[in-house]
Structure formats: structure tokens, C-alpha cells
Amino acid sequence: MLIKSIFLYCALVIITTAILTVRFRNPVHSVLAVLVLFFHMAGLYLLLNAEFLAAVQVIVYAGAILVLYLFVVFLVNVKKEIKTDRFIASYKIAAICSFLVFVLLIAGSRSFLIGPSGKWTIEAVNRITHTKAIGSEIFSTYVLPFEIVALILLVAVIGGILLAKQDKQEDFSIHKKRFPQLKEDNSA
Amino acid sequence: MSRKISFNCPVQAGDEDRYRIQMGPQHPATHGVLRVDLDLDGEIIRKCNPHVGYLHRGFEKLAEHRTYVQNLVLTDRLDYMAAMANNVGYCEAVEKLLAIEVPQRSRYLRTMVCEMARLASHLLWLATHALDIGAMTVFLYCFREREELLEIFAELCGSRLTNTYTRLGGVRQDVTHSIMMKLEKFVDSFPSNLEEYETLIDTNRIWLKRTIDVGTVGADEAVGLCLTGASLRGSGVDYDIRKHFPYAAYDFMDFEVPLGETGDTYARYRCRIEEMLQSNSILRQCIERMPPGPIIGDDAPDLIMPNKPGRKVEVDVPAQQSLIKLVEDRETFMEGDVYVATEVPKGELGFYFVSDGNGTPYRMHIRSPSFLHISALKTMAKGSMLADLIAIIGTLDVVLGECDR
Amino acid sequence: MESTGIIPRLEVSYPDDVLHSYQYCGQDVVLTRKKHILDICSFIRDQCAMNHLMFLCAVDNSRRKEAIGKNEYERFEVVYQFYSMTTKHSIRIRAQVPDDDCSIESITSLWPGADCLERECFDLMGIHFSSHPDLRRILMPEDWKGHPLRKEYPLRGIGEWAGYETLKEKSLELRTFDYRSSQKGNE
Amino acid sequence: MQILILLIQIAILVAVVLLHVAYATYFERKIIGHMQVRMGPMLVGWHGLLQPIADGIKSFFKEDIIPDQADKSLFLAAPIICLAAMMVSLSVLPFAKGWALADINVGLLFIFAMSSLASYGIILAGWASNSKYTLLGGIRSMAQVISYEIAIGLSLVGVMMLSGTLNLSQIVEAQGNSFFGMFIISQPVAFFVFFIAMLAETNRVPFDLPEAETELVSGYITEYSGMRYAMFFMAEYIGMFVMASIGVVCFLGGWYGPFAVPLFPPIWFILKVYFIMFLFIWIRATLPRYRYDQLMAIGWKLLIPLSLGNIFITGLAMTLAQ
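Chains as they are written, first to last, in the numbering used here: chain V, 2 to 189; chain D, 2 to 406; chain P, 3 to 189; chain X, -18 to 303.
Because the hints were derived from the structure by calculation, they are not lab data.
Yeah, the Cβ is synthetic: ideal placement off N, Cα and C, and Gly gets one too.
Hints may be right or wrong, so weigh each one.
Claimed, not checked - Simulated pairs of lysine to aspartate or glutamate, DMTMM-like, Cα-Cα distance not exceeding 20 angstroms:
#1 D:97 / D:65
#2 P:72 / D:239
#3 D:62 / P:18
#4 P:147 / P:107
#5 P:67 / D:336
#6 P:90 / P:48
#7 P:72 / D:336
#8 P:172 / P:154
#9 D:383 / D:102
#10 X:113 / D:40
#11 V:133 / X:36
#12 P:37 / P:19
#13 X:113 / D:42
#14 P:153 / D:65
#15 P:90 / D:239
#16 D:62 / P:162
#17 P:90 / D:252
#18 P:37 / P:13
#19 D:379 / P:136
#20 X:113 / X:52
#21 P:172 / X:49
#22 D:383 / P:136
#23 P:170 / P:145
#24 D:383 / X:274
#25 D:383 / D:65
#26 P:153 / D:336
#27 D:48 / D:222
#28 P:72 / P:18
#29 D:48 / P:136
To be verified - What follows is a set of in silico ranges between Cβ atoms, one per label pair, in the way DEER data are often shown:
#30 P:162 / D:163: 24 to 32 angstroms
#31 D:358 / P:147: 27 to 35 angstroms
#32 V:8 / X:208: 31 to 39 angstroms
#33 V:10 / X:301: 46 to 54 angstroms
#34 X:282 / P:170: 50 to 58 angstroms
#35 V:10 / X:282: 42 to 50 angstroms
#36 X:26 / V:49: 47 to 55 angstroms
#37 V:159 / X:26: 57 to 65 angstroms
#38 P:168 / V:16: 29 to 37 angstroms
#39 P:147 / X:57: 52 to 60 angstroms
Take the sequences, apply the hints, and build the full model.
Next up, the structure:
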């Protein structure tokens, strides 16, 4: 009963904040609504005995990605964007698109299975802890997709470094080492 | 229906997208009521426009309505960190104009108080400069030393900041034995104390990173910007008025003028530190070579001076009137103009007098180093980061009381 | 500040501009017209190696005894003091500026540091510096009336600054937020 | 009944920690004072012992000023977010064997999650105050927290690998009751990275850029006053306490000491935490402040590569040892 009511609460908050995210006029408030949403998603993971996922959800999504969103919201002059009424001009196209997305979701939902799948029952997960379970799955069964994801991220990192490097030559080219005290310094 | 979606990229933002900050006039790191109008691009300063005048008291106008002796007290309020040096600068200028001879002992005394003022001012500079960059302990250590100097000032002339110690033709009071003892003790202990600060910041890697290559000015550029004092010498220009136009007893002193090479904040920092050691050695020479004799010349225009031999004070006449009378009586008053510069801790403090034979200056212009240093801020801060601006303001060593006059 | 022989050179190079020269307290002074002041200054800087501008200020000659009734003096003058750090020579230029055409060329192109000094002259004496990049008031408020260092300007000033009344009203308005004045109007 | 006991335990923990925080400020002021040849607080109580309490009462009764143009709800919420996130992370700290409110499996990750949440309080305070200095402080803090979170996380990976768990009590147990078992011996590089990143994560000197008073007046807390200001202050000190505790748990052998103290087992833990707190204060009294771009350079170019290298070497050594 307690578990169920917690689930209900989380689900309700997730839906409400998701709607609020789209409805808020102020982008910072929207980002905060997403923050609350992420939190309750972490709560759902906890209900599923996935405490590692819950913690990672908060650290990565709330702690890093959402902060970056905030960064962008602060730096980009949002006042101009607010004037935009709609992204898509025609109601019809919008309706068709949303309908297609809805159909896709419904179709996808049929593949959901109720209850644990594979060799990992709740007891098995609890025995060797969730963290180890995820680790062994990623590094054995799903090692190829994992490596592919890692490669894609690497490309993104290199791209980011390249972009940042161009800026650097413009602005911080004044650092020259002239004093002996700084000789062993490798961070300047 | 507007469908234009703009994706502003802040890196290539135009002028209208710059982040504008009014730094000051109430800001912990602008050393008084300086306001700097900043255009930021991220944290990089694209445009920097200093605004002064919040402390403008119109000394130049005021001086035209007061006698030469009365104006002396105004000079205390210029650079209130080193009021002694301003007093000396003013008196040297008026003495040149009125051709007053100064006895040897008082010249030595002037040199002595000048160097004490330089130490006091440089200590305060080091304290605030270090605090600006974030080293808070140096701040309090420096005040410990400065306190001793101010105590000596208080014993010498009864006040700690606005001293009004010099008089036209000499100084107000002679030193006592206990003052000399205290000074000697200070002079003995100062170099080792200075070493203490240096262990804290001199080779500290963070300090070096924050000061090296920050606010760099080349030698020619520094001269063009009219920088003087240690701010100029940090760029390697050998210009010290104590050497170029010796005044007081600097003729008889052995000292060197420390020069930097790179012209960055670190070089200026080193320059001032070395200067403190030189000042200390000048102080020691003053103590050793102090000649006996009168402290004020016989032909000096008088202020109430009970100690002065051979001159009666008219108690009945209000002090001000007698003073004006004495000054107006002088026959040495001539029509002419004169410019005399002295080396105060901040740089070149000059007084330009135009006299048309009255007891009051016809025009007095004060060439204050801080004013010109602040005008150099515009050029020096451009392209550096917000945190560097603080370091640059600190390294220029400005006092707004002197800047605004 | 010893005598230098710069004055004769100046007199040769700019015979029409040099009005008068003299020495006082061992300091060389040259009176000039304002017309070619920029050329004179660049001559002094480049030919005479005087790299240091010691000061720049303006003087109001209207009540000056030596100036009254003499032809070469105008109402204002701008005083420049130059110094050579290498040869240790110094010279003072007094450029005469008439009342009806109260402007002179700016020397900021030669000495960037003159920027603030010229602004100060403009602010306090009302002398206009042509080709100055940013001639605004510097010490007085931007909307100040008059130029305080002129001789006819009274010591006590002429009335309050325009912004003072609004400031006073604002402070009275904010006084209701004071800690002690819970009851209004007890001034 | 169980819930009631838990509530009482929480209340005791919060009370004790708040008292510690109050006296950490006293501790700091006294130590810095003596390092700077002055006395520190002396007036309230014997040698100023009641000063923190007086400060608390004072800030409680001060006016809570909200700027006119501020985003009110966020302005009010920001200090609460900051303080709450920091307080929650206290619940997983093992003060002694069995002395943890919640001995959860992912304790270490939980603390990271909470400390990254606390940065929201700072960012929102900077934004909601609607002042230019606070916004700059907020942005600085954002960049700083993101960069150093990575460094601090990576530096602890070595510890996780050696102990094979994320549970804080088990990490302590993995080090065992011996001096050479402490992970600071086997993971010195990790401890170095952790220590520097810890300073940055808690916004302490030399990385106190978000509140650099000489540049940004007071950074993100410029517009705050009274109790809300004090809440940020408390959050900062609890943050110090939590970070120091992680350092003790992960590197300094937790509650184990040279000999067991029978009546009050957490004594070693507390002593070690206070030792690290003393280091915080010592550094504050000694060092100047880094510049913003230099701080970023240290984080990305020094600490993160170092900790990555440390992970690699640890993994290699563990494989070879097997």
C-alpha cells in the first residue's frame, strides 16, 4: 500500500511537472520543473530497487546536464525567443505529427513486459547489489553497444575541445612563461 | 505572426549584447569611490571607463582664496596615506617660489618623514593589493608594521594621518630621543618583517599566476600614459624625482632606484618591495647623519610657533590675521610661476604655482599621480579579465583623495 | 631644470608662434600662440627628446597683474610642462587661448595620458580641446553648469547642483524605512 | 515506533551538526585570528565562546530584505535548497560502526548527488537576485561545480575499486583497523586530487571565486541578508563538514584510531574531520585566490587527467595482483 501510494505520488508529480515545463513562460522556471521531474524519476527507480540508477539519474541529469541547460538559458538572450508564438505554422501539420508520435508510443508500449526479465530476479539483484549487476551486464552482454556509445561521446569531446581551442587563441594568448618559479607548472 | 527564431551565440555577440557592469563607487576593491564602467564579454573586459570625481573638494579653487601657509593643511587631504610626503612637496614648491632657505637639520627631518610616509603608504598598498588578490593574512601583517610608523607620527606631530608636519622654511617640531629610539628599533626589525610577507606571497604559485603578465605596460607606453613612480619603474624606466631633482636631503643619501623589466603587475610589486628596503636604508642614514641645528629658518613666515626662538607670538591678534599679515609683508613675493615635483609614494606629485604678488596663490595646480594612473586604467585593463582589473587597480596604487583633489 | 638652448631652437622653428620667453627660478618658459601647439609639442617630443609630460593645466589670466594690458596675453592659457628623462632638460609652454575662441588642439595623439588632464581643463576651465576622443566633464557632475576654476566663478558656487533636489527628495522618501522613524514626520 | 526512533535520531543529528557548524565558524575565526596576530572574537562569553550563538540570534532577527526586481519565489527558495541538500547528505555518513542513519548501498553516490543539488541553490540565488554581480557569481559557481564534480568523482573511483563497494561503512571496513590499510597510503594521487577538488567543491579559498569579495562584492549572496544569508553560511560549513567526512571515510580510515575509545566511538572520526577542517582554514589564511580561467585550467588539465591516470594504474595493479 505504501509502495503503491509513493508510486502514485511520483507519477502524478512527473506528469504535472512535465506539463508545467512546457507551460511556464520563464525558461528558468521550466528548467526547475524538469529538475523536480528528474527527482521523482529517481524515486521511481528507487521503488524498483535500482538505487544505483537513481543516484546516477540525480548526479548526471540533475547535477550536470540540467545545469548546462541553465547555463545556456542564462547566456542566450531569451527575451527574443519568447516572442516566438509557435515553431510550426500550421495546426494541421502539428496535429498529424503529434498523432504519429502518439501512435508510435502506443505501438512501443506493447513490448513492455511486466515483472523482471532475463536471469536477474529481484533476489539475485539484491544479493550481489544493483551496481555490480549493472556493471557485469554492461561489460559482458552489452559490451558492443557500450563501446559504440563511448566512441560517439569521444567524438563529441574532441569536437568540444576543437571549438574551445579556437576561442583560446583569441583571448588567452598572453600567457608566456618567463619566471623560473613557474617552470614545472603544467597547468597554465 | 513572427516566426523568426534567433540563436544568439554569446561568443560573437555584438556591442548591444555585452554585459555591462558598474563597478563602484561602492565596491570593496576600488580603493575608495572610484567607479569603473565595464563592458564584459563573459569575464573578459572589452571596454573599461573609469569615472572619478566623487571626492572632488575643489582644492585648486579653494587655494586661490587662502594664504600659502593656510593651504598647507589642504595637502594633508590629498594622499591621506602619506600626508607627510604631500606636506614636504607643497613646502618645497612654495619655498622655491618665495626663495626661502631651509636649515640642514629640517631637510634631514623632511627626508626622514618622507621615507616613513613612503613605507607607511607602501605597506598599505601591499596590504590592499594582497587582499584584492585574495591573500588576507598579508593584509593584517602589513598593518602591524604600519601601526608602528603611525605611532611615531603621532608622537612627532600629534596626529596619525593628517600630519601638517612641515612648515614653510622648516618643520614644526624637532624629534625627541624616544622617537629616534623607536625609529631605530623599527628600522632594525623591518627587513626581517618584510621577509615574512615575502614568504607568504613572493614565490607563491598562485600569486605569481595572478600577477605575472597581468596589466603589462611597455616602457614607451608607460611614459606616454604619464605613469610615474613605481608604476613607471616597473616597466624599466629610470625616473625617480629624488634622483632627477633632488629635494630635501636626498642629495646626501645613498640609495638605489629599483627597476623592473617586464612592466607587469609582478614587476611593479617587486619594485615597491625593493623600494621599501631602500627607504629603510635611507631612514637608517637619516638617523646616523642627522645634523644639529635649528629646525626652521629665520626668515620663515610664521605660524603659531611657541618653540621658535627669537620671535614673539602676538596672542591678542587672532592667529589667522597675524598669519595673513606676515605673509603679505614679505618682500620676496614676485610675479612668476614655478613647478616643483616631488616623489611621493604614488609617483610624481607636483605643484604648479602662479603668483601675482599677493599673499595667496593666483593659481595652484596639483599634478596628482593617482589621477593620471586612473586614466591609464582604460588602456591597461582592456582585454584582461575581471579579476585582473582588480589586480591592476591595486598595482597602480591609486588614492581617490589625491585623484579628485 | 637647467637652461637648455631649446628656446632658441623653438624661436627659429616657429618664429610666428613664440611670443616671449623667460626664465624664472631656473625654469624655462615659453609663451606661444595656440595655433600650432600640436606641432610645437611634437617638435619638443621628437626633436628635443622630451618624452615626459609632467603636467598640463589651464590658467585664467583675467585678473593676473602681469597679464593686464599686455598684447601677448589672452584670457586663458594652457600650460604644458615637458621633461626629458634622458637629457634631464625641462621646458614649460604657455599657450595663449583667447576668450572668444576658447579651444585648442588636443595632444592626446602624442601623449595618451593627456586624456584625463585635458578633460579636467575642459571641466574646470571650459577650454575646448579639438580632436580629443572623449571630451566630457570628469570631476564635476555631467550636468554641472559653469566652469569652477574661472576667476568670475564664486568660491561658494552658484546654487546647488541640479541633481541635489531630487536626491534630497529621494532621501526624505526613503526615510520612512528608517529603523527609528516608525512615526512619520518628526524631522 | 521505528519511525519515531528514526525521527529522534534525525533530530539529534541535526542539532549536533548545527552546533558543530556554529562552532566551526568560531574555530575558523579564532584560528585565522591567531594566524594573523590578532585575537579573533573575544567579547561574547569567555574568549568569545558564545559568539556563534550571538551571531545566530542576531541574524535570526535581522530584516529579510528581498530586492524589488528579484524573482521572489526562487529568491526565497534558493538558500533552503542549498541547506536542505547539504543536510540530507549527512544522513549517510557513518560516524562510527553502526552509527549511520541510513547505511545505504550507494552512499558515496548519494553524497555526490546531494552536493550537486546544493549547487542549484547557489545558481538560483545568483539568478533570482537579478543583480549583475550575483549572476556572475552564479555562473562561475556553475562552471566550477560541473568541472570539479567530475574530478572529485573520478578521484574516488580508485577507492571504490579497492574496496569494491559504494557503501561508506564498508569502505571504512575495507581499510581495516591499521595504519597502512588506509587508502591514503595506497591512493596518494587520488587523495591529492580529492583534496583540491574538495576545496573547489565547497567554494573555499583559493577557489572561492563564486563569492570573491574583491571582484564580485559577495558573489551570489550579495543581495541576501539576515537568516537567509546565514543559511548559505551554514550550508557552506555543512558542506565543508561533509566533504571532510568523505575524505576521512575514504582515505583516512574512518572511525578507526590507534586505540578504541569505549564510551564514545566516533571520537577518532571527529578528530580526523576536524583535522581536515583545520587544513581548510589554514589554507584560507595563507593562499591568494585563483583567477577564473586558471581555476578551470587546473580542474580540466591537471586534476581530471591525474585522476584518470590513477584509475588506470589502480586497475592495472589490481589485475596484476590477482
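List, from low to high, the hint numbers that the structure doesn't satisfy.
Of the numbered hints given earlier, those the structure breaks are 2, 3, 4, 8, 9, 11, 25, 38, 39, listed in rising order.
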